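Asks: Following the hints, put chain B in place on chain A, whose structure we already have.
Chain residues, written in single-letter form:
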Amino acid sequence: MNMTNTETQTQFWQQLKQDNLLVGDSMPIHQMAHQLWYVRVMLGFAGWLGALFLLGFVAIGLEFIMKNAAAAILTGSLFCAAAYALFRMVKNKENDFVEQFGLAVSLAGQGMLCVGWYQQFEDSKQLLFVVVFAIEVLLVWVMANSIHRFLSTVAALFAMSLFLKEYAIHGIMLGAIAAGVVCIWLSNKVLLKPLLWAPIAYGFVCALLWFEIGRMTPLFRSTWSGDYYWWLRYAWWSGMLIETVVWLVATRLLLKRQNISLQSKQAYCAFAASIAIGVVSFFVSGIASAALVLILGFAIGNRVLFGLGVCGLIGFLSHYYYQLQATLLYKSAVLAILGIFLLMIRFAFQRYFKSGNEIGKQEKLGEQS
Amino acid sequence: MSEEINQYKALVLNGLEQGLVKRGAEHEVMQRAGMLPNHQQWQHFFDQLMLWLGVIFCGSSLIFFFAYNWDAMGKFAQFALAELAIVVSIAVYVKLDKQSVAGKACLLLASLFVGALLALVGQTYQTGADTYELFIVWAIAITLLVVLAQLAALWLFWLLLINVTVNLYFSTFSGIFGLIFGELAHLWTLFAINVTALVVWETLSLRKKLTSSSSHLQQPPSQPESQPQPRATWAIRVLLFASGTFITTLMLNAILITYEVRASSRIITMIVYAIFMGVGYWYYRHRQKDIFALAGGVLSFIVVLTALVAKYVIDIDEGGGFLLVGLVIIAQSALGAWWLKKVTQEVGA
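Protein chains in written order, with the working numbering: chain A, 1 to 369; chain B, 1 to 349.
So here's chain A without its partners, still in its complex pose (with noise of 0.2 Å):
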């Protein structure tokens, strides 16, 4: 860092000082950034990777454990206390060789302990479900290591999918994770405790879009059950529904950041275009998750959620065609209605707003609240 950034810097803090917007007279202390999100994705993997080879030397040199439901449970929470151990011990610190050892050794150790619990109870899928989503939860809790925090999230939001799929309730899950999704990201949880928010933040997102995903595909779609009728046909809808109302809650809560009067032009079209949006995911699956994703990308200034979200939006639009619910001319119709709906939105927007007089007054009231 040279001179001329830290002066920069220093006079910026003084200037919020001077503003009244600081607690205390210190400057920050200069802390190591935190790992860029590639290189967490690349040792993710790597652990995950670790771990499968972890796995495979106790299902082959240690048959029995994998074969007996309580030496797996046993081991494989030994494996994942290791790992706590582990992890507590570089808290802190810099050593990358043990933090990658504890992920590596606490995914291997959660993959016997999913064996032993799914042998323990092979006849009830609910329990062996709702065990994992526990285990998963306690170790968001307690192990200090965001990609672990990251992958256990998924996997807990996964594990309770799971459980309410064999209700055929599991299509609420959408609205709620899509909640839980605003939630933490439009909340302080994840700028005050970076550590443990950012990376259960990460994994409601990630869980988000593959909940999206998963729907399109044979992994969430029940089998046929007399019991589940209504559910079975209306969960999907109530968890769109449901996410809806996230969506609206979303854009009050950005309004009111931006100082927008609710009442005012402005707000009016956010919020159509947030109930034009929950409509279209009722069409066109995944738009209105995607599109979630990436205004709050854009909202908190974050370009991973950004990046995130605009690939969504791709990759929804383009599995539309090959969906086999509706004829491709129907399809066609509802893009280009939408198509020319979003183009002469624009159109009124340029009208009416690009002459900043709206502009000027809400800038107006804001200083006034």
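The set of hints was computed from the structure by calculation and includes no laboratory data.
Computed from a predicted model, the values in this text were never measured in an experiment.
Please note that a few of the clues may not be correct.
Across the chosen pairs, the derived CB separations fall in these ranges [what the hints assert, rightly or not]:
no., chain 1, residue 1, chain 2, residue 2, range
1, B, Val87, A, Thr8, 52 to 58 Å
2, B, Thr249, A, Phe97, 26 to 32 Å
3, A, Ala348, B, Ala192, 46 to 52 Å
4, A, Leu253, B, Ile275, 47 to 53 Å
5, A, Glu7, B, Trp234, 30 to 36 Å
6, A, Leu253, B, Val121, 47 to 53 Å
7, A, Gly61, B, Lys311, 36 to 42 Å
8, B, Ile271, A, Arg257, 54 to 60 Å
Here are some chain B residues the structure puts well away from chain A; computed CB gaps all over 12 Å [unchecked claim]:
no., residue
9, Asp97
10, Gly122
11, Thr131
12, Ile140
13, Ser171
14, Ile267
15, Ile268
16, Trp282
17, Val303
18, Ala334
Cross-link-like lysine-lysine pairs, in silico, DSBU-like; alpha carbons within 30 Å at most [unchecked claim]:
no., chain 1, residue 1, chain 2, residue 2
19, A, Lys17, B, Lys208
20, B, Lys289, B, Lys9
21, B, Lys22, B, Lys98
22, A, Lys67, A, Lys17
23, A, Lys125, A, Lys193
24, A, Lys189, B, Lys311
25, B, Lys95, A, Lys67
26, A, Lys91, B, Lys9
27, B, Lys341, A, Lys91
28, B, Lys22, A, Lys193
29, B, Lys311, B, Lys9
30, B, Lys22, A, Lys256
31, A, Lys91, B, Lys208
32, A, Lys17, A, Lys193
33, B, Lys208, B, Lys9
34, A, Lys189, A, Lys256
35, A, Lys189, B, Lys341
36, A, Lys91, B, Lys342
37, B, Lys208, B, Lys289
38, B, Lys98, B, Lys208
39, B, Lys95, B, Lys9
40, B, Lys22, B, Lys9
We treat Cβ as the ideally placed atom computed from N, Cα and C, and that holds for glycine.
Replies: Frame of chain A, contents of chain B only:
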């Protein structure tokens, strides 16, 4: 890489984490540091989002429409519709400012409509859907539009069409080409195309950067400073990802599937892999620092070395072999993490 290092951002994030920002003032502080969008940025974002989504939805709509093959509409009417759509989008482009985003969006729309027209030709004259001819003609037909648009996304779309063409071509003629180039001919071709695109892209962005910095130096101080064109990092990363994936897959084939891959082919693969990794390391470590490229290289290296160790060790002792390979992966990734951290600190310093 420079855009990733926002000194205010790091300062504010550290301040927030250490509890130095007053409760309730978090957003105000972030806004001042330029981390959150203001009214104007929101307006711009909303404007761009509506424009691009609207354009993509309209373009896709026409493609879906022709794919439906609606009998009630005559063939001539369908051709007229597709051609009219192309003409209108190009006419709007001509009318608009050529460098404006809306103008570029019109060219993207025209490119999609060309695809729809070609699909209609294929449908009408029974040349089949999803043939490699359709995609290569589509790519050739829109080349001029792509050059005019100067838009990274459209260039990548053009390259995607070429990639699809190669895949479809080799799935049709794998028999003949398989005899000459082996089973991996399509992977080699895809690697060659993507790596060439990567080299061309990097060279052009480097030249552009040099040109803008030299013109920047020549400007008299009274004139407003022209900003150097930003390097389309995301597009380059897509190409890096594609090239890296293809060459790593080729290496895995050379290591693991020895009975299908000839010895000479294996040696060539290893040489090409070594050159790709070596040149990549030199360029992205010393010339154009990019941690994404280096992290990708580390991952590729981990996968390749793991395959190599696994091949020789697991045959000797399965149980012990798995343990050893697991430990090798952990050691490699820890070493990779340490090195990447060091490079990140250097870049940030």
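Asks: Next, verify each hint and record whether it holds.
Replies: Structure-based check of all given hints:
| no. | hint | result |
| --- | --- | --- |
| 1 | Val87(B) to Thr8(A): 52 to 58 Å | holds (53 Å) |
| 2 | Thr249(B) to Phe97(A): 26 to 32 Å | holds (29 Å) |
| 3 | Ala348(A) to Ala192(B): 46 to 52 Å | holds (48 Å) |
| 4 | Leu253(A) to Ile275(B): 47 to 53 Å | holds (52 Å) |
| 5 | Glu7(A) to Trp234(B): 30 to 36 Å | holds (33 Å) |
| 6 | Leu253(A) to Val121(B): 47 to 53 Å | holds (50 Å) |
| 7 | Gly61(A) to Lys311(B): 36 to 42 Å | violated (19 Å) |
| 8 | Ile271(B) to Arg257(A): 54 to 60 Å | holds (56 Å) |
| 9 | Asp97 | holds (14 Å) |
| 10 | Gly122 | holds (15 Å) |
| 11 | Thr131 | holds (17 Å) |
| 12 | Ile140 | holds (23 Å) |
| 13 | Ser171 | holds (18 Å) |
| 14 | Ile267 | holds (27 Å) |
| 15 | Ile268 | holds (27 Å) |
| 16 | Trp282 | holds (20 Å) |
| 17 | Val303 | violated (8 Å) |
| 18 | Ala334 | violated (4 Å) |
| 19 | Lys17(A) to Lys208(B) | violated (42 Å) |
| 20 | Lys289(B) to Lys9(B) | holds (20 Å) |
| 21 | Lys22(B) to Lys98(B) | violated (48 Å) |
| 22 | Lys67(A) to Lys17(A) | violated (63 Å) |
| 23 | Lys125(A) to Lys193(A) | violated (35 Å) |
| 24 | Lys189(A) to Lys311(B) | violated (46 Å) |
| 25 | Lys95(B) to Lys67(A) | violated (73 Å) |
| 26 | Lys91(A) to Lys9(B) | holds (24 Å) |
| 27 | Lys341(B) to Lys91(A) | holds (17 Å) |
| 28 | Lys22(B) to Lys193(A) | holds (15 Å) |
| 29 | Lys311(B) to Lys9(B) | violated (46 Å) |
| 30 | Lys22(B) to Lys256(A) | holds (19 Å) |
| 31 | Lys91(A) to Lys208(B) | violated (46 Å) |
| 32 | Lys17(A) to Lys193(A) | holds (22 Å) |
| 33 | Lys208(B) to Lys9(B) | holds (29 Å) |
| 34 | Lys189(A) to Lys256(A) | holds (18 Å) |
| 35 | Lys189(A) to Lys341(B) | holds (26 Å) |
| 36 | Lys91(A) to Lys342(B) | holds (19 Å) |
| 37 | Lys208(B) to Lys289(B) | holds (17 Å) |
| 38 | Lys98(B) to Lys208(B) | holds (20 Å) |
| 39 | Lys95(B) to Lys9(B) | violated (41 Å) |
| 40 | Lys22(B) to Lys9(B) | holds (17 Å) |
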